[in-house]
Amino acid sequence: MTDSELIIALVNRNENAFKYLVEKYQGMVYNACFHQLRNMEDAEDIAQEVFVEAYLSISGFRGESKISTWLYRVAINKSKNLVRKNKWQMLVQRLEKFMPGDKQVKIDLEDPSAQDHMEGMEKTEDQKILWNAINSLPENQRIAFTLNKYEELAYQEIAEIMQTSLSAVESLIHRAKLNLQKKLVSHFN
Amino acid sequence: MSCLLLKHHLIDFIEHKLPQEKQLKLQDHLANCRSCQELCHRFSGVYNSLDEYPLPEPSAYFYSKIVTKLEDQSANEYVLPVKFLRLLKPVAAGLFLVTGITVSLLFREVVNSGSLVASPNTTIDASAWANEFYLDNNEETMVDLLLNNEN
Ligand SMILES: [Zn+2]
Numbered sequence: 031m032t033d034s035e036l037i038i039a040l041v042n043r044n045e046n047a048f049k050y051l052v053e054k055y056q057g058m059v060y061n062a063c064f065h066q067l068r069n070m071e072d073a074e075d076i077a078q079e080v081f082v083e084a085y086l087s088i089s090g091f092r093g094e095s096k097i098s099t100w101l102y103r104v105a106i107n108k109s110k111n112l113v114r115k116n117k118w119q120m121l122v123q124r125l126e127k128f129m130p131g132d133k134q135v136k137i138d139l140e141d142p143s144a145q146d147h148m149e150g151m152e153k154t155e156d157q158k159i160l161w162n163a164i165n166s167l168p169e170n171q172r173i174a175f176t177l178n179k180y181e182e183l184a185y186q187e188i189a190e191i192m193q194t195s196l197s198a199v200e201s202l203i204h205r206a207k208l209n210l211q212k213k214l215v216s217h218f219n
Numbered sequence: 017m018s019c020l021l022l023k024h025h026l027i028d029f030i031e032h033k034l035p036q037e038k039q040l041k042l043q044d045h046l047a048n049c050r051s052c053q054e055l056c057h058r059f060s061g062v063y064n065s066l067d068e069y070p071l072p073e074p075s076a077y078f079y080s081k082i083v084t085k086l087e088d089q090s091a092n093e094y095v096l097p098v099k100f101l102r103l104l105k106p107v108a109a110g111l112f113l114v115t116g117i118t119v120s121l122l123f124r125e126v127v128n129s130g131s132l133v134a135s136p137n138t139t140i141d142a143s144a145w146a147n148e149f150y151l152d153n154n155e156e157t158m159v160d161l162l163l164n165n166e167n
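One line per chain: the protein sequences are A and B, in this order.
Take the position in the first sequence, starting the count at 1, then add 30; the result is the number in our numbering.
Take the position in the second sequence, starting the count at 1, then add 16; the result is the number in our numbering.
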């Protein structure tokens, strides 16, 4: 089934077509969410939300990009929102530590060791170091870098997903690599 | 100098993404520099650690959970009109008021312009009006009698 055949069937609310869409892209969407969220439960929940949105808004899909690109875009945006929400909650939790009677007053949002991003997974020390280094990257650098390294997407597709220019993606990935090098090398020293 | 260059291009070097000339230059350096060998070994171990990790898979209930979410979503759509109706309450009250005022103004205008007065071609049965609002002859007589008796 081609993308355009699939879209027509989805617009007509064909249940089999929707099932086909989910089966074809669930791994891709789930992995993309997982690489952004580093939490299996959140990744599954957000990946499901991606397909719910796909079902509800398929009539608005103009077919200017591939279905996979569109799904990636929804996945990245939804994951981004959850990361922001989690960061906000974390900030509130940490601020609560300032409440009288609590001796823990250290606030360090960038302290990666304080967070377990790979909940539900066994991980080596090396993987923890890398996860935390990636997590400390600025949002757009992190997204562009993970899409390139883990989803193995070309810069042009990343530009379409992030709705930015090719040169902006090149620059984001270049800066992400420099930052990662700096963080990892300083970790070894 | 080459040690610094390698540190600056570590990821591209590991991924073989440097221009060939630079890549070869750093490879030569690496062959002779113990500290860069160690750094490169350690760095690539960490950098590639996630590639070796088996990715988790979505659960077996992935599709059925999406269907449940869609059902919840459509159930919520029935709640929406109720919410909207609540919002529309003041609007409806306003509309009702405006309609009332407009109708009364129109009615007054119609009365004032005399359009309710019978045109020459229309005959109004006066006795019918009288029958509605006044006593008939028998009733009048009865009333007269009563009044006179009282006097
Ligand atoms: Zn060296």
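Misleading hints may appear alongside valid ones.
[What the hints assert, rightly or not] To be clear about the criterion: a stretch of chain A counts as covered by chain B if any three or more of its residues have a C-beta under 8 Å from a C-beta of chain B, and this derived list gives those stretches:
# : segment
1 : 105-115
2 : 154-161
3 : 210-219
Everything labelled a hint here was simulated from the structure, so no lab data went into it.
Where a beta carbon is used, it is the ideal one built from N, C-alpha and C, also for glycine.
Numbers of unmet hints, in rising order: 1
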